[in-house]
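**Q** Based on the hints, put chain B with the ligands in the right spot on chain A.
Protein sequences, first through last, are from chains A and B.
Counting from 1, position 54 in the first sequence corresponds to residue 54 in the working numbering; the numbering is continuous, with no gaps.
Counting from 1, position 271 in the second sequence corresponds to residue 522 in the working numbering; the numbering is continuous, with no gaps.
These are calculated hints, taken from the structure and not from any lab test.
Accuracy of the hints is not assured; some may be wrong.
Unchecked claim - Among the chain A residues that face chain B by a calculated CB cut under 7 Å, a handful are:
hint : residue
1    : V6
2    : K14
3    : L89
4    : A90
5    : A91
6    : I93
7    : R95
8    : G165
9    : G168
Just so it is clear, CB atoms sit at the ideal spot from N, CA and C, and this is done for glycine as well.
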Amino acid sequence: MYATYVIWSKHMTKFWRSTEELVGLALQSVLWVVLFGVGMRGMVADVGGSDYMSYILPGIIALSALGGAVGGGMVLLDERLRGITKEYLAAPIPRLSILLGNASSTATKALIQATIMLIVGVLMGARLTVNPLGWLAALLLLALFAIGFSGLALAVAAVSRSIGGYHGMIFLFNLPLLFASNALYPLSVLPGWMRVIVLLNPTTYLIDAVRSLAFGVAPTLPLLLSLVVVLLFAVLGTWLALSLFRRSIRV
Amino acid sequence: MSDMAIEARGLVKRYGDLTAVDGIDLHVEAGAIYAMLGPNGAGKTTTIGMLTTLVQPTAGEARVAGFDVVRQAKQVRSHIGVTFQDIVLDQDLTGRQVLDIHGRLYRQDGELRRKRIVDLVDLVQLGDAIDRIVKTYSGGMKRRLELARGLMTDPSVLFLDEPTQGLDPQNRTSIWSYIRDLNRQSGLTLLLTTHYMEEADALAHQVGIVDRGKLVAQGTPSGLVAQLGADVIRVRGHGDSAHFVEEIKRMPFVERVEFDGDSGNVSVYVDSGSRRLVEIVGAGGGNGYSVEDVTVARPSLGDAFLHHTGRALRD
Ligand SMILES: Nc1ncnc2c1ncn2[C@@H]1O[C@H](COP(=O)(O)OP(=O)(O)O)[C@@H](O)[C@H]1O
Ligand SMILES: [Mg+2]
Numbered sequence: 001m002y003a004t005y006v007i008w009s010k011h012m013t014k015f016w017r018s019t020e021e022l023v024g025l026a027l028q029s030v031l032w033v034v035l036f037g038v039g040m041r042g043m044v045a046d047v048g049g050s051d052y053m054s055y056i057l058p059g060i061i062a063l064s065a066l067g068g069a070v071g072g073g074m075v076l077l078d079e080r081l082r083g084i085t086k087e088y089l090a091a092p093i094p095r096l097s098i099l100l101g102n103a104s105s106t107a108t109k110a111l112i113q114a115t116i117m118l119i120v121g122v123l124m125g126a127r128l129t130v131n132p133l134g135w136l137a138a139l140l141l142l143a144l145f146a147i148g149f150s151g152l153a154l155a156v157a158a159v160s161r162s163i164g165g166y167h168g169m170i171f172l173f174n175l176p177l178l179f180a181s182n183a184l185y186p187l188s189v190l191p192g193w194m195r196v197i198v199l200l201n202p203t204t205y206l207i208d209a210v211r212s213l214a215f216g217v218a219p220t221l222p223l224l225l226s227l228v229v230v231l232l233f234a235v236l237g238t239w240l241a242l243s244l245f246r247r248s249i250r251v
Numbered sequence: 252m253s254d255m256a257i258e259a260r261g262l263v264k265r266y267g268d269l270t271a272v273d274g275i276d277l278h279v280e281a282g283a284i285y286a287m288l289g290p291n292g293a294g295k296t297t298t299i300g301m302l303t304t305l306v307q308p309t310a311g312e313a314r315v316a317g318f319d320v321v322r323q324a325k326q327v328r329s330h331i332g333v334t335f336q337d338i339v340l341d342q343d344l345t346g347r348q349v350l351d352i353h354g355r356l357y358r359q360d361g362e363l364r365r366k367r368i369v370d371l372v373d374l375v376q377l378g379d380a381i382d383r384i385v386k387t388y389s390g391g392m393k394r395r396l397e398l399a400r401g402l403m404t405d406p407s408v409l410f411l412d413e414p415t416q417g418l419d420p421q422n423r424t425s426i427w428s429y430i431r432d433l434n435r436q437s438g439l440t441l442l443l444t445t446h447y448m449e450e451a452d453a454l455a456h457q458v459g460i461v462d463r464g465k466l467v468a469q470g471t472p473s474g475l476v477a478q479l480g481a482d483v484i485r486v487r488g489h490g491d492s493a494h495f496v497e498e499i500k501r502m503p504f505v506e507r508v509e510f511d512g513d514s515g516n517v518s519v520y521v522d523s524g525s526r527r528l529v530e531i532v533g534a535g536g537g538n539g540y541s542v543e544d545v546t547v548a549r550p551s552l553g554d555a556f557l558h559h560t561g562r563a564l565r566d
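Chain A with its partners taken away, still in its complex shape:
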């Protein structure tokens, strides 16, 4: 749909223009990798036979994808609160393209951030597998995950009444998604009850799969299962965004 593309390109124009946001993004990425990776590396030599940097990089990448999605949701929220959505609603374009325009720009930003992270991580010593197909598959999974979480962020943005409310809600999702997962520690070291929670978290599956596909860490979960879970997460996020967005424009 052409209108989707127009809205996407507008958001990307604004994104490239906002130097603060860009510099912030890049710095944030570097900081995460340096603080976590380098700091923890001194303490933990290796996990399951791979160096700690390679081990935690997928988690940090997932986290930064979340950050990108949160920023994308902000754009929708900002346009809603400022009334810019009305310009779209008065134009002869499908309603759906408003959401899709936002979703695609959000996912793009999430992916850009994930990519920066990956590069910084590799520069800092994470070891990629030699198989480019693995990288590709990992990126695809990341894109699906970004879509899922963008959906979540957009759904919240579609109903929030204020920027503060939005961040509060997002915070509720964000932290557990990272910490109640296998991002920083292996599943095997967790107590049983915690493992149940971690296994309910789609981030766990993403991270496990990306680890094995891109960094050659032995998977602890079946790869196919991980793929299905991440796919379901993407579908769920999209569906949630769609239904809440529909509700928000009905007057």
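**A** The following block gives chain B with the ligands in isolation, referenced to the frame of chain A:
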């Protein structure tokens, strides 16, 4: 198809218990400027919302540019331009980008967009500012940019919701002159809402007075005023105003007396203000009412508003 640019019958919009628009009929001829005049909360924005397909009517029907606003919403959208009551602009884009993206949403090709932007920047006199970030614009410049955006796609009907709200008099009159020129030169049909009677007076061929969701009177600005009487004597004073009103109502040359409870002002419509002034003032003295201030004037749209709604129109 009739030559009505806007036709509405029995438009109603309810929000729960609240009836925002309570059965409005509108007929706006192609090429006319129509002003909906009414106080805040009268239902003007909601009416525009229904006519521009943003708000789903609870009852009634409307056609804009010949298309039904519910069943042919997409056709309506491609034939209209809208500016909203609040300034709705992307602050982080340049004026040119705002116009360009708008044109792209309507699938205008690049050549046409460039040409339209040149013409519109000229019309609303934005000059070099068009390449600056909107954030740096003054209120008046933002309103002008919005007007240009509404015109970008060469609509056949343009809706302006309170186009000069919050502007200083100088910016207001320049917006008025663009609107007038547009209408004269291209025969564009305009429906605007306002709570400034001067604005309705200065621009509109037809004025609809709206109050509490209803269209209570309609006509040309001069027609609405002419119904009232030749002159109006405005009296301000204190004391037993009810008695004073009774007293002057009995005078044979008095056509109508209106009392605004909020301000305590009495408006007396007479055949000739200068000839009757002394008698009116005289009726006050010694009857428990003392007159403090008197003015004689031609009735205005504000008086017409008071007449039809029983309340004065205030900003
Ligand atoms: N979305 C809405 N939900 C509930 N009430 C609304 C909504 N929009 C408008 N109203 C109410 O409808 C009435 C008319 O509002 P509006 O059309 O904005 O008036 P105006 O533009 O003449 O000031 C007001 O009482 C307003 O509070
Ligand atoms: Mg309004």
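**Q** Restraint: A90 (chain A) near chain B, CB-CB cut 7 Å. Satisfied or not?
**A** holds (5 Å)
**Q** A closest beta-carbon separation below 7 Å is what the hint needs, so does V6 (chain A) meet it against chain B?
**A** Since chain B brings a Cβ to about 5 Å from V6 (chain A), closer than 7 Å, the hint holds.
**Q** Verify the interface restraint on A91 (chain A): the C-beta must sit less than 7 Å from at least one C-beta of chain B.
**A** holds (5 Å)
**Q** So, as I understand it, the hint says I93 (chain A) touches chain B; can you test that by seeing if any CB pair is closer than 7 Å?
**A** Holds - the Cβ of I93 (chain A) comes within 7 Å of chain B, reaching about 6 Å at its closest.
**Q** Hey, does the G168 (chain A) contact hint survive, CB to chain B under 7 Å?
**A** Given a least distance of 24 Å, the restraint on G168 (chain A) is violated.
**Q** Would the hint on K14 (chain A) stand, with a C-beta cut-off of 7 Å toward chain B?
**A** holds (5 Å)
**Q** Classify the hint on G165 (chain A) as holds or violated, based on whether any CB of chain B lies nearer than 7 Å to its CB.
**A** violated (20 Å)
**Q** Taking the closest Cβ pair, is R95 (chain A) under 7 Å from chain B?
**A** Violated, about 10 Å.
**Q** Less than 7 Å between beta-carbons is the criterion; does L89 (chain A) satisfy it with respect to chain B?
**A** This hint holds: L89 (chain A) lies near chain B, its Cβ roughly 5 Å from the closest one there, short of 7 Å.
Hints 7, 8 and 9, counting from the list given before, are not met by this structure.
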